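Asks: Quick note, the sequences are listed as chains Y and R, same order. Position 34 (the first sequence) corresponds to 34 in the numbering used here; numbering is contiguous. Position 108 (the second sequence) corresponds to 108 in the numbering used here; numbering is contiguous.
Check the hints yourself; a few may be wrong.
Unchecked claim - Below, computed lysine to aspartate or glutamate pairings styled on EDC-like, alpha-carbon distance capped at 16 Å:
hint, chain 1, residue 1, chain 2, residue 2
1, Y, Lys57, R, Glu64
2, R, Lys58, Y, Asp72
3, R, Lys49, Y, Glu102
4, R, Lys77, R, Asp95
Stated by the list, open to error - To spell it out: a stretch of chain Y is covered by chain R in this simulated footprint if at least three of its residues, at any positions, have a beta carbon under 8 Å from a beta carbon of chain R; those stretches are:
hint, stretch
5, 38-45
6, 105-112
What the hints assert, rightly or not - Residues from chain Y shown here face chain R by an in silico Cβ test under 10 Å; the list is partial:
hint, residue
7, Ile4
8, Ala7
9, Tyr35
10, Gly53
11, Asp62
12, Gly63
13, Tyr64
14, Phe90
15, Cys91
These aren't lab readings, by the way, just hints derived from the structure by calculation. Remember, it's a predicted structure, so these values are computed and weren't measured experimentally. Ideal placement from N, C-alpha and C gives every residue a C-beta, glycine not left out.
Below are the chains, spelled out letter by letter.
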Amino acid sequence: IAGITQAPTSQILAAGRRMTLRCTQDMRHNAMYWYRQDLGLGLRLIHYSNTAGTTGKGEVPDGYSVSRANTDDFPLTLASAVPSQTSVYFCASSPTSVATGELFFGEGSRLTVL
Amino acid sequence: AQSVAQPEDQVNVAEGNPLTVKCTYSVSGNPYLFWYVQYPNRGLQFLLKYITGDNLVKGSYGFEAEFNKSQTSFHLKKPSALVSDSALYFCAVRDTSNTGGFKTIFGAGTRLFVKA
């Protein structure tokens, strides 16, 4: 079934460790996004990519980095994890980067930083 | 700046009754508005969107939403609620103010609880 695959689904991580959350889509969508979901705050955009080879910062980019080497993959890296990065992370994609396209979401990666 | 407000943390409704989940927005330019639903331990799923045209938009699972420009609202509605509609609902607006990327801004979410 076509869609977005995220890995891992859940991870407990010691503070200071490096972590990469993987995201792969097989829909050939141009635009991809990383959001974090925290209770009472909804979803906040971390980073986005309108097309392969380009990335941009969202609302809460500090402590995170992304790359977009090809259309399908959009990994999110925490260089040195801190407890405030405990959250559920969602990868999403959109067929185009124009304003009218809806987002397709992965199932999420639950990260706990101790 | 673009923003979305969902004034209710939770909405309770009896099965078979109509439901409304409220959303108001603030945008510069044309509003592109969306509703998403999230079931427990799942990702968000697209329900419907307003881009232009008819103010009443119909979407998945019998949901509809009414765009009201004068009240800057985009309330989600369903004529007859089902227990299976119980979930977390997010209103969202597409940020068209930044040419660097059309980012989607989400409200904080409203939890819908439908009682049998």
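Asks: Taking 8 Å as the Cβ threshold, is the statement that the stretch 105-112 of chain Y is covered by chain R upheld or broken by the three-residue rule?
Replies: It holds: at least three residues are needed, and the stretch 105-112 of chain Y offers 4 whose Cβ sits within less than 8 Å of chain R.
Asks: Is the Cα-Cα distance between lysine 77 of chain R and aspartate 95 of chain R 16 Å or less?
Replies: violated, 24 Å
Asks: Restraint: glycine 53 of chain Y near chain R, CB-CB cut 10 Å. Satisfied or not?
Replies: Hint violated; glycine 53 of chain Y Cβ to chain R Cβ min 14 Å, cut 10 Å.
Asks: For a C-alpha distance cap of 16 Å, please report whether lysine 57 of chain Y and glutamate 64 of chain R respect it.
Replies: Violated, because 33 Å separates the two Cα atoms, which is more than 16 Å.
Asks: Interface hint check: isoleucine 4 of chain Y, Cβ to nearest Cβ on chain R, cutoff 10 Å. Holds or violated?
Replies: holds, 8 Å
Asks: Lysine 58 of chain R and aspartate 72 of chain Y: Cα distance at most 16 Å?
Replies: violated, 31 Å
Asks: Taking a Cβ-to-Cβ distance below 8 Å as contact, does the stretch 38-45 of chain Y have at least three residues touching chain R?
Replies: holds (count 6)
Asks: Mind checking the CB of cysteine 91 of chain Y against every CB in chain R and telling me if the closest is under 10 Å?
Replies: This hint holds: cysteine 91 of chain Y lies near chain R, its Cβ roughly 9 Å from the closest one there, short of 10 Å.
Asks: Can tyrosine 64 of chain Y be said to touch chain R, with a Cβ gap under 10 Å?
Replies: Because about 15 Å separates tyrosine 64 of chain Y from the closest Cβ in chain R, which is outside the 10 Å limit, the hint is violated.
Asks: Please work out if lysine 49 of chain R and glutamate 102 of chain Y have their alpha carbons no farther apart than 16 Å.
Replies: holds, 8 Å
Asks: Min Cβ distance, alanine 7 of chain Y to chain R: is it shorter than 10 Å?
Replies: violated, 14 Å
Asks: Return the status of the interface hint for glycine 63 of chain Y: holds when the least beta-carbon distance to chain R is below 10 Å, violated otherwise.
Replies: violated, 19 Å
Hint compliance for this structure: hints 1, 2, 4, 8, 10, 11, 12, 13 are broken, all remaining hints hold.
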